[in-house]
Amino acid sequence: MALKWSDTEDLAQALAQLYPDVDLSVLEHDELREMVAGIEGFDDPTEPDEDDMEAVIVTWIDILYPEEDEHVKSGDID
Amino acid sequence: MAENYTSWKSAGGNNADHIGGNGYEFSYTDENGEKKSIQVDYGSLFSNKEETGYDCFIPTMPNCDDILITHGHADHIGGIPHLLNMKREELAAKRENGENLTIHCTAFAEKMIKNNLTGSGIPKDEFPEFDIIEPGKPFEVNGFKVEPFAVSHSIPDAVGFVIESPDGTRVMTTGDFKTAEVPLGKGWDDEKVGAIASKGIDYLFIDSTSSVQQGETIGEAQVKDGLKEILKNSQGGPVISGVISSSCHRLHTIATALAEEALEKAEKEGPDAEPKPRTMILDGASVIAARRALNACGYKLEDMIKEETGVDIQIVTSNTKKALELPPEERFYVCTGTQGEEASLLKIAEDRNKNVSLEEMRSWSDGDMPIYVYDLQSCIPGSEEKHQALEEKFKEQGCITYFPSRYKPNKYTVHASGHAGAGDVARICKVVSENSPRPTMVVPIHGDPGQRRNVMKIAQENGLNACIVPNMAEMKMPKDGRPVWQDGRKTEEWIGVNDANNDFRRPYFRYDKILMNVETQERKKIGYYKYPSASKKLAYDHNQIAAAKIIAKSHLR
Ligand SMILES: [Zn+2]
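In the order they appear, the protein sequences are chains A and B.
Following the working numbering, the numbering of the first sequence begins with 1 at its first residue and continues without gaps.
Following the working numbering, the numbering of the second sequence begins with 1001 at its first residue and continues without gaps.
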């Protein structure tokens, strides 16, 4: 089965392996689209929307930087 | 025929001794007894899982499909993914009919909520509707007229609301706020709040969290000065700093401090010297996601700093070639994990951070390069052991450390709270009292009993009425300014959120109905919420992060 834009985690995992040194704090959606189009097995003619693309990037960030939620109580800090 | 009235209720019992898990319901009941509600915030309450068995607690589910969000902090938005899980079937049916849960929030809060939803495994087709709001632009929802106004807080685009009920009762709720200037976006403005108050405020709900602190809470300008001191005292080696990623203004403050310090240094060196600021290197998922959200909302830090100081600042993530090619003394790391959690700082201290290595930094010199580690956040109660262990680990690695104390005066000012001190509370009371043509009743919320009493006192000193509403009580708010409420309850109802996988990368949430006694803190499970999993099967192999999971779990224990 071909990979689609809705396969958020699969795409993020593939991208993390293909592009380990990309600056995800500034990656543009156009660049992401090109990168995804180059993933082997990706075939999705539908146009992704912002949410599709951000979900892939946020998941990709989580894969590169796995971390626990901050131990923060409101008022103590924020 | 019954009487019509406007009412307010704290959904999770936020009026008790704990702060967090915000959820407030504003309702209007008409003559026929028909009730319409809107909810303000739906957040999570921090929990120490080792003690309680729960990752967090969230308030009981809202009785309406419209949630107004004051800002993007977890204790105001953290319940939303869980709500979508628990209401999966109901919302799927609603979407078939073209309806959906609607979140009314500013653009920055929207980014934070969507990141939270993605991180919690909510598929995009189950996202709620987002209605992007702006301060000063009124809107109508479910029969209530709502006008958001900008407030200052530690996250950009925080708002309070004035909510006008169908019977004309006007209620102002501040959300988390302070009045100091903020570097990003709109913040508190006496004139704007005065203008909105001049249309009449019957009830004023005030954030009480820091109300026992004297004066007004400091702003980011003072933090910038503290950071510049740090930079002056950290020559010849890299700086590793820990930040709370949700304090997003801090990224701007750090960048400004780097620029100004470089500028001052260049001025001392002579007229031809160019300012050479250190490069900001981001390490940690939440801080990288925060910068994405800032960019998406037009807060482009490099452009802002260039305009404000004339200096070019570079910001990169730690996995880039650029970061690794920089001489260590030109690096300023901005890391997550200030409390010693399983995040960037701990991984650096334990030599298992893929992108930031003390050994790599030392390899640039004969091994005598100083490495400075600054936790820009003091320890929060409950994290003492982990916080101290983190500093010890860096010391063992030969680093020069600065971990500020929560209880003693510190050498550098490195943090500003986002909450109103006594001076800020007095300021809002004064603005409302001077402008509202109607008598105003202040209701202190979001604080322990002492903090709320202090807000009551300040309100009265400023010529306003004030009342303390008992825990969990629903308050009827007649327009004559004489509110009535039932007796308070010692028992609060919450939803206990337990990630049964105990794995922040692959959570599987269980939701228990919990009764919590506010006096004894005793918890009793009285049931649970069953829910079907998300439609989308998440299918990739996790071998790559399995090791990280095991490490994470061992640290959680
Ligand atoms: Zn907050």
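Incorrect hints may appear among the rest.
Claimed, not checked - No more than 25 Å apart at the CA atoms, straight line, and that leaves these computed lysine to aspartate or glutamate pairs for DMTMM-like:
{"hint": "1", "chain 1": "B", "residue 1": "K1087", "chain 2": "A", "residue 2": "D69"}
{"hint": "2", "chain 1": "B", "residue 1": "K1395", "chain 2": "A", "residue 2": "E31"}
{"hint": "3", "chain 1": "B", "residue 1": "K1354", "chain 2": "A", "residue 2": "E50"}
{"hint": "4", "chain 1": "B", "residue 1": "K1322", "chain 2": "A", "residue 2": "D51"}
{"hint": "5", "chain 1": "B", "residue 1": "K1300", "chain 2": "A", "residue 2": "D51"}
{"hint": "6", "chain 1": "B", "residue 1": "K1124", "chain 2": "A", "residue 2": "D23"}
{"hint": "7", "chain 1": "B", "residue 1": "K1321", "chain 2": "A", "residue 2": "D51"}
{"hint": "8", "chain 1": "B", "residue 1": "K1087", "chain 2": "A", "residue 2": "D30"}
{"hint": "9", "chain 1": "B", "residue 1": "K1145", "chain 2": "A", "residue 2": "D69"}
{"hint": "10", "chain 1": "B", "residue 1": "K1525", "chain 2": "B", "residue 2": "D1480"}
{"hint": "11", "chain 1": "B", "residue 1": "K1354", "chain 2": "A", "residue 2": "D51"}
{"hint": "12", "chain 1": "B", "residue 1": "K1530", "chain 2": "B", "residue 2": "E1031"}
{"hint": "13", "chain 1": "B", "residue 1": "K1199", "chain 2": "A", "residue 2": "D10"}
{"hint": "14", "chain 1": "B", "residue 1": "K1479", "chain 2": "B", "residue 2": "E1089"}
{"hint": "15", "chain 1": "B", "residue 1": "K1035", "chain 2": "B", "residue 2": "E1129"}
{"hint": "16", "chain 1": "B", "residue 1": "K1124", "chain 2": "A", "residue 2": "D30"}
For the record, the hints were derived by calculation from the structure and aren't laboratory data.
Right, here's what the structure says about each hint:
This hinted pair checks out: K1087 of chain B and D69 of chain A have alpha carbons roughly 24 Å apart, not beyond 25 Å. Straight-line distance between C-alpha atoms of K1395 of chain B and E31 of chain A comes to about 42 Å, which puts the hinted pair past the 25 Å bound. For a cut-off of 25 Å, the pair hint linking K1354 of chain B to E50 of chain A is broken: about 29 Å separates their Cα positions. Taking the CA atoms of K1322 of chain B and D51 of chain A, the gap is near 29 Å; set against the 25 Å cutoff, the hint is violated.
Taken as a hint, the K1300 of chain B and D51 of chain A pair is honoured in the structure, with Cα atoms around 20 Å apart against an allowance of 25 Å. With a C-alpha separation of about 24 Å, the suggested pairing of K1124 of chain B with D23 of chain A holds against the 25 Å cut-off. This hinted pair does not check out: K1321 of chain B and D51 of chain A have alpha carbons roughly 28 Å apart, beyond 25 Å. The suggested pairing of K1087 of chain B with D30 of chain A is violated, with an alpha-carbon distance near 35 Å, which exceeds 25 Å.
At roughly 36 Å between alpha-carbon atoms, K1145 of chain B and D69 of chain A are farther apart than 25 Å, so this suggested pair is violated. In summary, the hint linking K1525 of chain B to D1480 of chain B is not supported, as the alpha carbons are separated by about 41 Å, beyond the 25 Å threshold. Of the supplied pair hints, the one linking K1354 of chain B and D51 of chain A is violated, its CA atoms being roughly 29 Å apart against a limit of 25 Å. Restraint check for K1530 of chain B and E1031 of chain B: the C-alpha separation of about 36 Å exceeds 25 Å, so the hint is violated.
Note on K1199 of chain B and D10 of chain A: the hinted pairing is violated, with a Cα-Cα distance of about 53 Å set against a maximum of 25 Å. Between K1479 of chain B and E1089 of chain B the alpha-carbon distance is near 39 Å, which puts this suggested pair outside the 25 Å criterion. Using a Cα cut-off of 25 Å, the hinted pair K1035 of chain B and E1129 of chain B holds, with the two alpha carbons roughly 23 Å apart. Taken as a hint, the K1124 of chain B and D30 of chain A pair is honoured in the structure, with Cα atoms around 20 Å apart against an allowance of 25 Å.
Of the hints listed earlier, those the structure fails to meet are numbers 2, 3, 4, 7, 8, 9, 10, 11, 12, 13 and 14, in rising order.
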